[in-house]
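Residue numbers (my numbering), protein chains in the order written: chain V, 1 to 359; chain P, 1 to 127; chain L, 1 to 161.
Source of the hints: derived by calculation from the structure; they are not laboratory data. Virtual Cβ for every residue (Gly too), placed ideally from N, Cα, C. The hints are all genuine.
Within a straight-line C-alpha distance of at most 30 Å, the following computed BS3-like cross-link-like pairs (lysine-lysine) qualify:
#1 P:Lys-52 with V:Lys-241
#2 P:Lys-107 with L:Lys-47
#3 P:Lys-102 with V:Lys-3
#4 L:Lys-47 with L:Lys-67
#5 P:Lys-107 with L:Lys-67
#6 V:Lys-179 with V:Lys-194
If you want the ones that stay clear, here's a sample from chain L, every Cβ over 10 Å from chain P, calculated:
#7 Ile-41
#8 Glu-71
#9 Glu-120
#10 Gly-142
Now for the letters of each chain:
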Amino acid sequence: MPKRIVVPFGPQHPVLPEPIHLDLVLEDEKVVDVIPSIGYIHRGLEQLVQKREYPEYVYVAERICGICSFMHALCYCQGIEHIMEIEVPDRARYLRTIWSELSRLHSHLLWLGLFADSMGFENLFMRAWQLRESVLDISEDTSGGRIIQSTCKVGGVRRDIEQGKLEEIHRVMDTFEEKCRGLGNVFLNDETVKYRLQGLGVISKDEAYTLGSAGPTLRGSGVAIDHRETGYAAYGDLGFKPVVETAGDCYARCAVRVRELYSSIDLIRRAIEEMPEGGIDVKVKGAPNGEYFSRVEQPRGEVVHYLLGDGTKHLVRARIRTPTLANVPALVKMLPGAQLADVPVVVLSIDPCISCTER
Amino acid sequence: MTTVKEEQTTTSVALGDLIREVEGIHADGYRLVQIGCTNIGEAYEINYSFDKGYRFRNLRLTVEPEIEVPSITGIYWGAFVYENELHDLFGIPVTGINIDFKGTFFKTAEKFPLSITRKGGDRCQNV
Amino acid sequence: MAFLKRSPWILHYDASSCNGCDIEVLACLTPLYDVERFGIINTGNPKHADVLLITGGVNEQNRPVVKNLYEQMPEPKVVIAVGACAATGGIFRECYNIVGGIDKVIPVDVYVPGCAARPEQIIDGVVKALSILEERRERMTGEAQVQEEARHDAAEAGESR
Numbered sequence: 001m002p003k004r005i006v007v008p009f010g011p012q013h014p015v016l017p018e019p020i021h022l023d024l025v026l027e028d029e030k031v032v033d034v035i036p037s038i039g040y041i042h043r044g045l046e047q048l049v050q051k052r053e054y055p056e057y058v059y060v061a062e063r064i065c066g067i068c069s070f071m072h073a074l075c076y077c078q079g080i081e082h083i084m085e086i087e088v089p090d091r092a093r094y095l096r097t098i099w100s101e102l103s104r105l106h107s108h109l110l111w112l113g114l115f116a117d118s119m120g121f122e123n124l125f126m127r128a129w130q131l132r133e134s135v136l137d138i139s140e141d142t143s144g145g146r147i148i149q150s151t152c153k154v155g156g157v158r159r160d161i162e163q164g165k166l167e168e169i170h171r172v173m174d175t176f177e178e179k180c181r182g183l184g185n186v187f188l189n190d191e192t193v194k195y196r197l198q199g200l201g202v203i204s205k206d207e208a209y210t211l212g213s214a215g216p217t218l219r220g221s222g223v224a225i226d227h228r229e230t231g232y233a234a235y236g237d238l239g240f241k242p243v244v245e246t247a248g249d250c251y252a253r254c255a256v257r258v259r260e261l262y263s264s265i266d267l268i269r270r271a272i273e274e275m276p277e278g279g280i281d282v283k284v285k286g287a288p289n290g291e292y293f294s295r296v297e298q299p300r301g302e303v304v305h306y307l308l309g310d311g312t313k314h315l316v317r318a319r320i321r322t323p324t325l326a327n328v329p330a331l332v333k334m335l336p337g338a339q340l341a342d343v344p345v346v347v348l349s350i351d352p353c354i355s356c357t358e359r
Numbered sequence: 001m002t003t004v005k006e007e008q009t010t011t012s013v014a015l016g017d018l019i020r021e022v023e024g025i026h027a028d029g030y031r032l033v034q035i036g037c038t039n040i041g042e043a044y045e046i047n048y049s050f051d052k053g054y055r056f057r058n059l060r061l062t063v064e065p066e067i068e069v070p071s072i073t074g075i076y077w078g079a080f081v082y083e084n085e086l087h088d089l090f091g092i093p094v095t096g097i098n099i100d101f102k103g104t105f106f107k108t109a110e111k112f113p114l115s116i117t118r119k120g121g122d123r124c125q126n127v
Numbered sequence: 001m002a003f004l005k006r007s008p009w010i011l012h013y014d015a016s017s018c019n020g021c022d023i024e025v026l027a028c029l030t031p032l033y034d035v036e037r038f039g040i041i042n043t044g045n046p047k048h049a050d051v052l053l054i055t056g057g058v059n060e061q062n063r064p065v066v067k068n069l070y071e072q073m074p075e076p077k078v079v080i081a082v083g084a085c086a087a088t089g090g091i092f093r094e095c096y097n098i099v100g101g102i103d104k105v106i107p108v109d110v111y112v113p114g115c116a117a118r119p120e121q122i123i124d125g126v127v128k129a130l131s132i133l134e135e136r137r138e139r140m141t142g143e144a145q146v147q148e149e150a151r152h153d154a155a156e157a158g159e160s161r
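Work out the full structure: start from the sequences and follow the hints.
Okay, structure coming up:
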């Protein structure tokens with residue numbers, strides 16, 4: 001029997017922008033077992049609800065994670081709005097959809113870049129991040145912030161996007177889509193990429209489902225669950241079909257994200273075309289009294305904000321379950337069997353967002 | 001007008017029935033969404049949330065401090081992340097977790113920061 | 001050694017931030033901002049690094065890691081705290097697990113403001129840090145020179161006796 005050794009991976013590791021630590025149990029070069037340990041970014045954000053009034057907590061929710069920032073705020077606001085029975089104006093719902101999909105575009109491009117870097121494909125990393133800057137330009141143009149938009153609030157949105165700008169975004173999307181398709185083509189059809197990804201880190205449909213995985217990790221294994229189907233914000237009006245792949249390997253997860261780029265571009269276009277006129281927010285009075293499990297589809301999967309209010313300005317409890325935490329068990333099941341050299345690729349294939357995970 | 005196609009139901013469950021109920025939900029083909037805990041002053045409310053086709057089912061277990069809660073990792077393997085969190089942040093003893101970190105999943109400056117009785121304690125509760 | 005400031009190597013670490021600043025640090029390295037044209041290289045190895053770019057308010061578990069990374073870096077070195085949390089703890093200041101700023105753990109030379117800090121600001125911060133690095137290098141070589149001369153003088157005095 002080959003000798004077993006334990007190799008520590010992280011917390012400070014060149015391939016990871018954020019710290020996570022894995023103890024890899026190896027037999028020669030092959031991974032046989034994995035013990036994750038997290039907590040390097042645990043800040044204790046959930047408890048801040050007792051120190052911040054509920055409209056202020058939106059700012060904290062935005063900073064749970066700098067990548068899915070807008071969607072955390074959206075999830076939180078939708079939860080509060082549900083408890084307080086606030087009806088958000090139509091225009092706000094459409095604007096929220098546009099900002100959500102812009103976040104998804106920038107998150108997926110960011111991930112594609114990091115993923116290429118983990119494969120050692122540096123040129124592709126640079127290309128993906130170059131493309132991402134055009135999304136950030138739109139975000140900065142419409143909200144003032146590159147990554148933290150701060151445009152969502154309880155009862156609507158803080159800023160409107162004027163018609164001229166909407167038309168400009170619509171125009172920009174054409175050239176942007178062309179470039180995305182060029183980039184996606186490399187990820188999906190390049191022989192070296194396929195060689196690195198196909199058959200690696202496989203997780204079956206049943207396993208992905210019962211382990212409670214979320215997002216592209218789940219859809220890459222052939223399970224068509226995407227929370228946008230429930231029709232929050234403007235998704236119900238626009239219509240939406242989840243992107244699904246069936247192989248369950250790193251390639252499939254990558255393909256889901258590449259194809260979601262195209263579906264996001266399409267959603268942004270249609271939201272602009274069907275943008276209703278009207279106000280962007282409603283006045284909010286009182287305080288939330290009740291509870292709700294608010295759910296939103298983030299780039300990494302479904303996020304759950306459990307909010308419990310007792311009729312005062314301070315919530316009793318906000319419990320945030322983020323998609324990466326739900327994908328950790330899947331990661332532990334994916335890694336055994338992989339070669340040590342493939343570990344960074346497999347780890348990145350779930351798109352780990354550690355700040356989210358640990359709150 | 002927003003119409004979210006999603007149902008949410010919450011049912012209370014007694015400690016003794018927890019495993020049986022979760023087994024039933026598993027057999028019905030639900031997936032585990034999350035396990036979360038709320039400190040409601042003198043007791044903990046633990047929410048076990050499941051979902052199937054956007055039907056959200058929630059089992060609510062109310063336990064007093066220091067009461068041992070059985071792990072559901074025998075049914076849902078991936079529940080260990082949430083159960084370790086229950087232990088590390090709330091100081092709830094959870095018995096029989098498949099991957100038990102013994103209090104090292106979240107290392108906090110103050111042990112069990114959200115606990116009712118264990119706040120600031122330093123001993124692992126899982127035996 | 002004299003050209004250290006022409007090609008500083010950077011080590012980046014996320015000490016409990018929301019990763020907004022971290023992705024902006026990475027954005028500095030990519031084509032739009034491209035700090036590599038100034039000779040700045042991102043390294044993963046603390047022993048290769050001259051500049052520590054660090055984000056976040058530092059939590060309990062990160063405290064020893066931050067200290068360790070800092071101690072492993074060779075002299076001269078500079079530390080840049082990127083973002084509001086790295087400066088004071090920012091929005092997370094009141095969280096139970098946050099120490100509250102990088103300077104609670106290791107000495108900081110440059111603070112870059114912003115939540116999240118913009119790439120232009122981060123680059124400005126690095127440029128500012130480089131002049132501090134250069135000063136430190138000069139002082140170190142100066143001290144080495146003084147020591148060397150003292151040794152030389154002592155040796156000469158010994159010979160003439």
